[in-house]
Amino acid sequence: MRFRLLFIACAVVMTVSAGAQMVSYSKPYSGTTTNPCNGESVVFSGTIHIHEKTQIATDGRIHFVANENYSVSGRGQSTGAYYNIGGNMHTNSKFPSFPISFRSKSRFNSQSYGVPGFYATFVFHVNGNGIQTTVSSTSSCN
Amino acid sequence: MRIRIALLLVAAALFAVPSFAQRYYLDDQINPDGAWADSASYEQGQYMDNPCTAIQDWVWVNYSAYAQTAQKAAGTNDYLVDESTTMGGMYKASGSSQSDIGYANAFTTRYYHKVDTADNFHVVTVITVDPVSKYTSLAVETACGNGMPDSKE
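If you read the sequences in order, they're chains S and H. Under the working numbering, the first residue of the first sequence is numbered 1, with each subsequent residue one higher. Under the working numbering, the first residue of the second sequence is numbered 143, with each subsequent residue one higher.
Since the hints were made in silico from the structure, they are not lab data. Where a beta carbon is used, it is the ideal one built from N, C-alpha and C, also for glycine. Certain hints may be false.
Stated by the list, open to error - No farther apart than 30 Å at their CA atoms in a straight line, the calculated lysine-lysine pairs in the DSSO-like style are these:
(1) H:K294 <-> H:K234
(2) H:K256 <-> H:K234
(3) H:K214 <-> S:K105
(4) S:K27 <-> S:K105
(5) S:K105 <-> H:K256
(6) H:K294 <-> S:K105
(7) H:K214 <-> H:K276
(8) H:K234 <-> S:K27
(9) H:K256 <-> H:K294
(10) S:K27 <-> H:K294
Unchecked claim - Partial list, derived from the structure: chain H residues whose beta carbon lies under 8 Å from chain S:
(11) S226
(12) M232
(13) S236
(14) S238
(15) I243
(16) G244
(17) Y245
(18) A246
(19) T251
(20) R252
(21) C286
(22) G289
(23) D292
In isolation and in its complexed conformation, chain H is listed as follows (with noise of 0.2 Å):
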């Protein structure tokens, strides 16, 4: 019996994910006035840890991230979202993207940028958009993964 739970616990050490990818700021609202076509900037710095390694070692970075989003054309359900973000510090990375996305309710969109580590260590934008509301929100997340379909979250 004690074979067969150690074997288990071997099993799943192998699966398991040297720790959590982390949610450092929670829907901080970046937009509040809810214009479209408005654009707005966010800084903090925060001790972030890196969710390839086994070990938590937490560092200070200093993350900013400049979101807009805008609605194509009067009365349609058409949005486009641009990010760019910046990351300083121990860890480095930064990068920008555009979506462009047709949907009448929220919806949130994740942008992966590459943080300057050996391994699969990405910081990951998290903007949502609500329409109806005209409420954009921004969040922060890390990942061990580069947001591909094949890739870990």
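The following block holds chain S by itself, in its conformation from the complex (with noise of 0.2 Å):
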């Protein structure tokens, strides 16, 4: 009988931990913007590391962590200047199962000398199960 009731009690344990969803897997991003600051169109390519662990929460709501890396470079369609740019969105997050998203905001460095640089917004979509969905970007000069 005790047997039983501890047995029972570490399936209990486990299952809890086996709760927890976990990614970790890194996925080509690439696209089209334009430098607000010179107008110019920039071609770019590169990666992201996607790295999130999904859980409901013991208060029903979802627990969302993530840690995403994202590393692009990308050209000027009218200077030539090439430009790159890196950063990362973490967050440690609870909520009601509702879209949400996280925004991460870098800066698109230019190579090139008088071509200004400028900002870029990634944006980590997640549904309402704590799924990350898609990643969209814009830009500003500021």
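Each of the two chains sits in its own frame; use the hints to bring them together as a complex.
Here it is in structure tokens:
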């Protein structure tokens, strides 16, 4: 009897631990944006490393823990200037089951003298199940 | 039978966390007027236990946090959360963080700050934002982990 109770207790602990879903992978990220500081089109490509854990908190909310690293380089279509950007989005958040987004803003540095850099905001979209679905980006001059 | 029970107890002990993380200040309201882009400071001395150690070692710390929540633009669901944490006394920690979150309902975001111990003891500033009621609250927890996806809470 005591053995069964202990077994059940251990099983419960293992079930709680197994309730978390964790992913860790890299995916390509590419596209075209506009440098709003000089108006030129910038074609970019790179990778985003996704590292996330999702579980249901004891209060029933989604507990979403993420640490995303991005590294992207691009080339201006008018000036020929090279640009690069790197950054991180980290969050440890709890929320009811509705879509949420987390943003990270970094500078797209220009590698060419006289060509201004600009800022890009990477937006990580997470659905109501705590699963990150898409990444989008916007640019601004400051 | 006794041997099996003993083996199970040993196995359970191996997986056990030395002591449970604590939550010290329960949802003390730091921004009662609910005005966005406002700020507030919070300070309190408290006995705190390192959850990474097997022994309960309650020591006195002076915890303080500065938190700010700001709606990025009127009519949007985009919010900036800014925090700065300092802890002095027997345990020391400090740091600051910022989040940029788009969400229409109440959410909680947690900021882990390493305490100056040799283990993985972190003090966690927990900020809850309710955009509907414009209510921001702050709580403090401890953890034996750094808040990353592969760490313990």
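Verification of the supplied hints:
This hinted pair checks out: K294 of chain H and K234 of chain H have alpha carbons roughly 21 Å apart, not beyond 30 Å. For the hint pairing K256 of chain H with K234 of chain H, the CA-to-CA distance comes to about 8 Å; that is within 30 Å, so the pair holds. With a C-alpha separation of about 14 Å, the suggested pairing of K214 of chain H with K105 of chain S holds against the 30 Å cut-off. Between the alpha carbons of K27 of chain S and K105 of chain S the distance comes to roughly 19 Å, so the proposed pair stays at or under 30 Å and holds.
Between K105 of chain S and K256 of chain H, the direct Cα distance comes to roughly 24 Å. Compliance with the 30 Å bound is thereby established for this hinted pair. Among the hinted pairs, K294 of chain H with K105 of chain S is consistent with the structure: their alpha-carbon atoms are about 28 Å apart, no more than 30 Å. Between K214 of chain H and K276 of chain H, the direct Cα distance comes to roughly 13 Å. Compliance with the 30 Å bound is thereby established for this hinted pair. Simply put, K234 of chain H and K27 of chain S have alpha-carbon atoms about 39 Å apart, too far for the 30 Å limit, and the pair is violated.
For the hint pairing K256 of chain H with K294 of chain H, the CA-to-CA distance comes to about 14 Å; that is within 30 Å, so the pair holds. Between K27 of chain S and K294 of chain H the alpha-carbon distance is near 26 Å, which keeps this suggested pair within the 30 Å criterion. Taking 8 Å as the C-beta contact cut-off toward chain S, the hint placing S226 of chain H at the interface is violated, the least distance being around 16 Å. Below 8 Å, beta-carbon pairs count as interface contacts, and M232 of chain H has none with chain S, the closest being about 26 Å; its hint is therefore violated.
With a least beta-carbon distance of about 18 Å to chain S, the hint placing S236 of chain H at the interface is violated under the 8 Å criterion. Look at S238 of chain H: its Cβ only gets to about 13 Å from chain S, farther than 8 Å, so that hint breaks. Interface restraint check: I243 of chain H against chain S, minimum CB-CB distance 6 Å, threshold 8 Å, status holds. Contact between G244 of chain H and chain S, as hinted, is supported at the beta carbon level, the nearest pair being about 4 Å apart and thus within 8 Å.
Restraint check, Y245 of chain H versus chain S: the minimum CB separation of about 4 Å is within 8 Å; hint holds. Proximity of A246 of chain H to chain S holds as hinted, the smallest CB-CB distance being about 7 Å (cut-off 8 Å). Evaluation of the T251 of chain H hint against chain S yields a held restraint, the C-beta minimum of about 5 Å falling below 8 Å. Annotation: R252 of chain H was flagged as interfacial toward chain S, and the flag holds, the nearest CB pair being 4 Å apart, inside 8 Å.
For C286 of chain H, the interface hint is violated, the least distance from its beta-carbon to any beta-carbon of chain S being 15 Å, above 8 Å. With a least beta-carbon distance of about 4 Å to chain S, the hint placing G289 of chain H at the interface is held under the 8 Å criterion. Because the closest C-beta pair between D292 of chain H and chain S is about 7 Å apart, less than 8 Å, the hint holds.
Checked against the numbered hints listed earlier, the structure breaks hints 8, 11, 12, 13, 14 and 21; every other hint is satisfied.
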